[in-house]
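As they're listed, the protein sequences go chains A and B. Everything in the first sequence is counted per the working numbering, starting at 1 for the first residue and increasing by one. Everything in the second sequence is counted per the working numbering, starting at 147 for the first residue and increasing by one.
None of the hints are false.
Pairwise CB distance ranges (calculated):
{"#": "1", "chain 1": "A", "residue 1": "7", "chain 2": "B", "residue 2": "219", "range": "40 to 50 Å"}
{"#": "2", "chain 1": "B", "residue 1": "203", "chain 2": "A", "residue 2": "103", "range": "46 to 56 Å"}
{"#": "3", "chain 1": "A", "residue 1": "67", "chain 2": "B", "residue 2": "231", "range": "46 to 56 Å"}
{"#": "4", "chain 1": "A", "residue 1": "109", "chain 2": "B", "residue 2": "215", "range": "38 to 48 Å"}
Read the hints as simulated data drawn from the structure, not as lab findings. Keep in mind the model is a prediction, meaning the values are calculated, not measured. Here a beta-carbon is modelled for each residue, glycine too, at the ideal position from N, C-alpha and C.
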Amino acid sequence: MTAAELPRWLEILISALLIFGGLTAVLGALGLVRFKSFFTRLHAPTKTSTLGVGGVLLGSMVYLNWISDMAVIHQVLIAVFVFMTAPISAHQMAKAMLDANPEMRPPLPESGQADSSRLGSTNVTAAHTGQDHDQIGPPAQRPAHD
Amino acid sequence: MIGMAISFALFLFAAAMLLAAWRLLQGPDILDRVLALDTLYTNAIAVVILLGLKFATQLYFDAALLMAMLGFIGTVVTARFVGRGDVIDHD
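If we strip away everything but chain A, and leave its shape as in the complex, we get (with noise of 0.2 Å):
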């Protein structure tokens, strides 16, 4: 296994894939040390090491298949576990964060008017000011009241 055979332009493209993640990694790294609150915190490496690990799979696999004469496929297992399972981890840790401190959670919009306008629907409208269910399309006034 040596890289004697490999051109050019693959050595090049396997060099700039594997150094690519290494960056990426340095950059959700710093993000994880330099920013402010745990969510910011949260939201920088989850992302970037992810894309750094998958530019590492993708510089292997490319620089295996094309040395060996049989397909590697550990790289495409990796990849696929790891892309399916950090967002989920991700979400795990925002989730413990939102139980265990419910004062950080953000409040919820105030209920009936900004939603109805804004997304044009009928339903929250009527059900508010007890119109017919039934009906389709914009009320024919706005209620005064809210």
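Once you've looked at the hints, dock chain B against the given chain A.
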């Protein structure tokens, strides 16, 4: 050239793991430490893959697959335990 690229990528991942280890020691909350451990796991997968390229052996990729699975399970279980005090819902 690929050997130099592998060495430089190993250096970059080592720097990223050092930064994550700083957050692991420093972190004000438990979940910061859990997040730092998750980042360390993900970077260690890449380091093991790069070492497998460097030493030209297929054995390291199975280790990387095992580390991916164990890191995910450890992160999810620890986050659930910290968040709600219980891992499995008993209802």
